[in-house]
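Based on the provided sequences and hints, a complete structural model is requested.
What follows is the residue order along each chain.
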Amino acid sequence: MNAPMQPPESRYAVLDAAPRRARDILLRWEVILVILLVATIVVNTIVSPYFLDVFNLADATFNFSEKAIIALGMALLILVRQIDLSVAAIVALAAMGIGYAAEAGFGPAGLFATGIGIGILCGVFNGFLVTYAGLPSIVVTIGTMSLFRGITQVILGDQAKTKYPAEFLELGQSYFIKMKESGVSWLFIPPIPLSFLIFLVLTAIFGIVLHKTATGRKLFAIGSNPVAARFSGIAVDRLTFLLFVVSGMLCGLAAALLTARLGSMRSNIAIGWELDIVTMVILGGVSIAGGVGSILGVFLAVLTLGLVTFGMSLNNIPGQVVSVYIGLLLIAVIAIPRIADKLGLRTGR
Amino acid sequence: MSDPILTLSGVSKSFPGVRALHDISLSLQPGRVTAVIGENGAGKSTIVKILTGIYRPDAGEIRVGGEQKHFSSPRDAWAAGIAAIHQETVMFDELSVAENIFTGHMPTGSTRLVDWAEMRKKSAELLKRIDAPIPPEFKLKRLSVAQKHLVEIARALSHEARVVIMDEPTAALSANEIDDLFRIVEQLKAEGRAIVFISHKFDEIFRIADDFVCLRDGEKVGEGPISSVTEAQLVRMMVGRPVDQVFPKRDVPIGEVVLSVKNLSNATEYADVSFDLRRGEILGLYGLVGAGRTEAMQGLFGITPVTRGTVSLDGRQLSIHSPSDAIAAGISYVPEDRQDQGAILSLGIRENVTLANLSKYVRGLFLSRPAEQEATRSLGRRLAVKAANWEQRLGELSGGNQQKVVIAKWLATRPKVIVLDEPTKGIDVGSKAAVHDFIGELAQDGLAVVLISSELPEVMGLADRVIVMKEGRIVDEFKRGAWSAEQIVGAATGAAKEAA
Ligand SMILES: Nc1ncnc2c1ncn2[C@@H]1O[C@H](COP(=O)(O)OP(=O)(O)OP(=O)(O)O)[C@@H](O)[C@H]1O
Ligand SMILES: [Mg+2]
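Residue numbers (our numbering), protein chains in the order written: chain Y, 441 to 789; chain V, 313 to 812.
There may be inaccurate statements among the hints.
To be verified - Short derived list, chain V residues pointing at chain Y, Cβ under 7 Å:
no.	residue
1	PHE494
2	ILE632
3	PRO635
4	ILE639
5	PRO647
6	ASP652
7	GLN653
8	ILE656
9	LEU659
10	ALA668
11	LEU670
12	ALA699
13	ASN701
14	TRP702
15	GLU703
To be verified - Restricting the straight-line Cα-Cα distance to at most 30 Å, the calculated cross-link-like pairs of lysine-lysine (DSS-like) are:
no.	chain 1	residue 1	chain 2	residue 2
16	V	LYS728	V	LYS561
17	V	LYS453	Y	LYS658
18	V	LYS791	V	LYS513
19	V	LYS440	V	LYS451
20	V	LYS672	Y	LYS652
21	Y	LYS782	V	LYS728
22	V	LYS782	V	LYS451
23	V	LYS561	V	LYS513
24	V	LYS381	V	LYS561
25	Y	LYS658	V	LYS728
26	V	LYS672	Y	LYS658
27	V	LYS460	V	LYS440
28	V	LYS453	V	LYS440
29	V	LYS440	V	LYS501
30	V	LYS574	V	LYS440
Quick caveat, the hints were computed from the structure, so don't treat them as lab data. By construction, the Cβ of each residue, glycine as well, lies at the ideal position given by its N, Cα and C atoms.
In structure tokens form, the structure reads like this:
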């Protein structure tokens, strides 16, 4: 009676993966971004002879690396249908903390720890309001954006913090690898500023976590269908909370790098960054509707935006034009896949 | 025979990697019910979507009343007098019942503003006509799955359509509600409408249909009056070979008590639910839709808060506040609402199958793609999932195949206690037997199973014991061997007097 009956084998032949089709690959978001990036480089090189200079390029990374570091955390938040609009305000609060700590005689390690610590606390506060109090993150972080910035303004007034230990300031200007140090003339190692190197390392870590680990898979599931994710035993609230803390932590790190680079801070430091950062993430292909995105995309978007801004500044194009251009770029890149869908160029419709 | 209301001829439709329909012709007569049957993924819903303007056919033509039609949107189909209750409901949770019924064709007064009073009045009439006492002003999200279904039926009726299509309308309903639905179908028939009825349940098909059309892998493999065939012939036509529809129940020794639930209650939906569940036991939980079965089990699983009562596993009292607590303790729950709670439609099949126990596929620090593929392949084959490839987005599969993937996801986890809520909803005969066999195998491995099902044959075929819930309370209990279908249904409806 107990003889195990074998169910008939399925008569359907199911492939392991879809056959690759050239036009699907060509219309992948990352490919669009690479094309955009290459186009940016080519146009700028033609227009300005100074563009392709490695030292210039290395210096250009200073201008976006701190934002880019924060964008990594933002990408994960947007992926799970949340957002943190208080990032720039956290940078300000953390930078102020670093300023006071420097006056109290902290060394570089202590200053970084101060910034990161304040960032974490801010992230805990956001995360708590979003997960345990169940409030929508857009509302919470618009609130804490004013709150954190307000605290900074109340405490600092129009005062600036300018006293920092020399070793700390040196970190802000430093290259991890200097051109001359490699010594070997045929070995070309480009100069890499510390903040850009940190961004590269973090990109690798975030990419691996998101695309290769169970935690990353859970984030995609939450972003795609939070209810089904919860039913599948994923601790949705705990992970969301954690992402806000990570976002705060990255803001603290960015605050330390930024103050070290600038050598001074006022209450309006990093003002307006949240929109630049959200732009990087959206251009990187992370869907505001959740569940779609890649770290590679965000990385490419960061480079594209950074080089566009740098190229235009080399050619003395005013900032307003830069922002018009970035606006158009964003709309175009978002529209291309949709239009391709409408024309039936991509599969699945 | 009178002129057909609607004819399809030579209709084909392909998706990447799948030929969903090939050269399909059929005609619908007024006052007749045509059952469309076929395995999961045979192409039934694709026909519905073509008839309602959701998909455009690659080839072929649609004629309504002899006139050729091209539908480019559902609105065109309504205008031609075709309305459908889709397998996957598309409704608005935050809107009222009345608004949902009249989406897209709200009654307007001379001012062209929505006439709310009229809309509510008409909604109430429609709901009354189908015996569904749901207040039209309720928000949809307050309703149960079955009630939502009734709202969908009302919506289809609101179009006063000449052709009414029902794609698995009974999947979420229990015996009594099915009777109500069939009354409605008879009424529509008497009014001279043509009805398309899709179902995997043969008793229903033989009860209600006049004609049948059988599909297999997108091709029409048979049609005719239903009286000319037997169930076995239909199954054979569908599958292409004779199949065992039932696996014999496995002989499983029943062990000690694993799960003990005492006086579980919440504020409104269920009260004093108590039962013990033993190792290797399959406990059926039967009742009408709305009897509180799902609500009680979701309380147990930590989805919704309970107000009173205790849950112990292996003698230890648990404190469960979320599904992850429940899963950590060893209790899994397979939700009945596939679309919202079970499936992640935008992820691939592989990613869905492995989601509920991801840690099993981690090698070192990373997820192992080969391990995931291996599990997906073997579970997918066992349940005969039809797909182009295992990376395909779940949303692109047919309804029944989505359900198979959801089941596979949960059967891949090996908890101590598993609660299955309508696990075979929408699954075809052959695969249903495979799922039943799988459940039997789990019990044999010592798992304790709670099976919520509105299908009495399923409960009676699988369960060792059945408890019946009515209006949020357990009203009766039956042991295998000492039960009859009449007794169980009687207890659920309250028709029979309380058993001593
Ligand atoms: N949007 C789509 N993209 C890709 N393939 C699709 C899409 N819609 C349907 N298919 C495929 O077409 C085939 C027919 O699907 P259909 O939904 O019509 O099946 P069905 O007969 O209704 O099955 P079920 O009984 O499971 O509801 C399936 O193989 C399905 O995977
Ligand atoms: Mg279907």
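* To do: Enumerate the violated hints, using their earlier numbering and listing them in ascending order.
  => 1, 2, 21, 24 and 30
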